[in-house]
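Protein chains: 2
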Amino acid sequence: MRFRILGRDAGTRARWGEIFLGDGSFETPAFLPIGTRATVKTLTPWDLEEVGARILLANTYHLYLRPGHEVIRRLGGLHRFMSWRGAILTDSGGFQVWSLGDLSKILPDGVRFRSHLDGSEHLFTPELATEVQLALGSDILMALDLCTPYPCPRDEAARQMERTALWAERSRRTFLAGRVAERAQFGIVQGGIHRDLRSQCAVRLVSIGFDGYALGGLAVGEPVATRWEMVEQGDSDLPADSVRYLMGVGQPEDILEGVHRGMDLFDCVLPTRGARHGTVYTLAGRFSVKARTHAEDSRPLEAECDCRVCLTVSRAYVRHLFQVGEFLGPRLVSQHNIRTYLRLMEGIRLALREGRFAAYRERMLARLRGGSDEQSPRTGREEET
Amino acid sequence: MRFRILGRDAGTRARWGEIFLGDGSFETPAFLPIGTRATVKTLTPWDLEEVGARILLANTYHLYLRPGHEVIRRLGGLHRFMSWRGAILTDSGGFQVWSLGDLSKILPDGVRFRSHLDGSEHLFTPELATEVQLALGSDILMALDLCTPYPCPRDEAARQMERTALWAERSRRTFLAGRVAERAQFGIVQGGIHRDLRSQCAVRLVSIGFDGYALGGLAVGEPVATRWEMVEQGDSDLPADSVRYLMGVGQPEDILEGVHRGMDLFDCVLPTRGARHGTVYTLAGRFSVKARTHAEDSRPLEAECDCRVCLTVSRAYVRHLFQVGEFLGPRLVSQHNIRTYLRLMEGIRLALREGRFAAYRERMLARLRGGSDEQSPRTGREEET
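Chains as they are written, first to last, in the numbering used here: chain A, 1 to 385; chain B, 1 to 385.
So that you can see chain A by itself, here it is in the shape it has in the complex (with noise of 0.2 angstroms):
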């Protein structure tokens, strides 16, 4: 993998660059929509292709379960698997395994859990999670690391963030040893809400030597203005030449925000989770389609957007999908919010290319934040499940 910083934003910390890989290249800051069980719900290769994904976020833990990551290597991996000629970046299993609760243990040599669906007990070390991701041939894989909830102890962020730098070395040793040609690894920052655990582990992932870094603990209930003064820290912290990836985060709004702080990569669960409950977002705010005033309405879930589903159908059609239970309601509104997502992308590239990126993010925050009628949910480094 390599990373090329095409334009730099004068006023904020904003980036435009170009990510290479083995054989496609895909523009940042970009969005990954996310396919946990190696499908973006409801839409297939052909429908993200269309609406302009280059990238997707998978999820280890789901897929070493079921169908299991060798009959996924033996079918010729996780991209022929799912037919999907872009890029795969597989979280690494850390986030989901912590969010198992008490059918999880954190051991110094990994954790180890009992699968959600058959009781089974697995040990997941930081070798187990890097061999599962180079098995599903992800172009981008991710360390193994420790999700630090929030409230938390600072002595407890501190140990975990002390394993999550541990395991980052392990998950390195292991990629380097059995990396393919063009694959990238991405080490995880931790620490909670600490700046100074926070960079002592960014110094400690730096010094191991990744192709790209990580953000990870955000977004999973902390104060909004702590959360940007953690994603502050971050990009000081971090190569300004390298890749960060905010995970997790987030909303329209944040991804503004991430991005004016120097985050290059972003994924949520909100465009499509939103999308199975009627919430559609667009570049003016998002609004319930399952509202009685959109029983009639004849106007497409969004005007200016360019995707099959506004240049088809009504906001009328799609809540009677949801008033009857449709499974198309989802499925359409999933189409048009993930355009919704690549659009904000491809409209921040083209401002940071124009050198106009503070006057957009201004706009488009007052835009987005004028136009909803939902409260914003909390979200997080969550998988869709």
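None of these hints come from the bench; they were simulated from the model.
The hints are all genuine.
If several chains are the same, the list does not tell them apart, and a pair holds so long as it fits within one copy or across any two.
Below, a list of computed lysine to any residue pairs in the SDA-like style, where the Cα atoms sit at most 25 angstroms apart:
| # | residue 1 | residue 2 |
| --- | --- | --- |
| 1 | 290 | 115 |
| 2 | 290 | 76 |
| 3 | 105 | 154 |
| 4 | 290 | 70 |
| 5 | 105 | 65 |
| 6 | 290 | 79 |
| 7 | 290 | 300 |
| 8 | 290 | 384 |
| 9 | 290 | 303 |
| 10 | 290 | 120 |
| 11 | 290 | 327 |
| 12 | 105 | 152 |
| 13 | 105 | 222 |
| 14 | 105 | 221 |
| 15 | 290 | 66 |
| 16 | 290 | 77 |
| 17 | 290 | 74 |
| 18 | 290 | 118 |
| 19 | 290 | 323 |
| 20 | 290 | 73 |
| 21 | 290 | 68 |
Assemble the complex: chain A is given as a structure, and chain B must be docked to it using the hints.
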């Protein structure tokens, strides 16, 4: 509507024809995918165009209740509402109301029923059923009928046939009073499994004069041989140059048998309902993609199929989607299954055109019956709910 017979098979009653509607036409024999609630489950209008659908079936009863025919009328009619450029046939609601059992009561004037949604009371008369379909803007409307169950005492079947014929007359009057050029209305032959009753019904419908005729009340549990006797009776009772629609039938094998007996139109829930349970229809029989044997099966659902699903993904991937409960599974199988039915119809029409239908039918029946690993489910004139 105009119907032109383009050719007849020498050895059988099969015919090849073309139906002209307002601004388009399609060839027969044709299969109608079922779009009960203004959506063929899981599929978009562009998917349906892609697999070659030219006409869909929607259900008057369901659309009358939600979103309401007046809403659809105000939104420009059902074609615009669901963004469907092909033709639409709407079933009259008779079958659905009949299926409500204790929730419905047959009166001389129509069927009184309680909504399965909110318990509200409605009286579905032949006039109302026709007006609703006119409001929807269907290309082909169905007269309100009473579907005779199996088994059913002869005198009861006779009463229901009588009622069906009277209602057909009232339906026709309403249609002719409110008709729009190029719209068509079909009458439905009932009479249970009694040849003479079905003949009487057919004669009365023909004397009323419809644009086409349907055979109803079949595939509701009667012996297969009896069903085909009733179809043969219908073929001999109905004008040779009229369209004949065999409602709710059936498996691919049944369609070959129906064409063989002079039927032109078919509809069935099987390809879409089966898809939701992992049943894959192919021109060599059906199988369950959920079977363990497909866990690492890299073959497409059907090697000879030209649908995008078969050109893109493997059985192993589709099986995985069903294993993990991902909605994309039913969607992919629905798209393929409808393509299978439409490929069958294309094969039938080509064989008719080339004067080799009898041989085609023999060969396809052998392939279809030889290749299936599942029992044939009972079906009929069911909606997709």
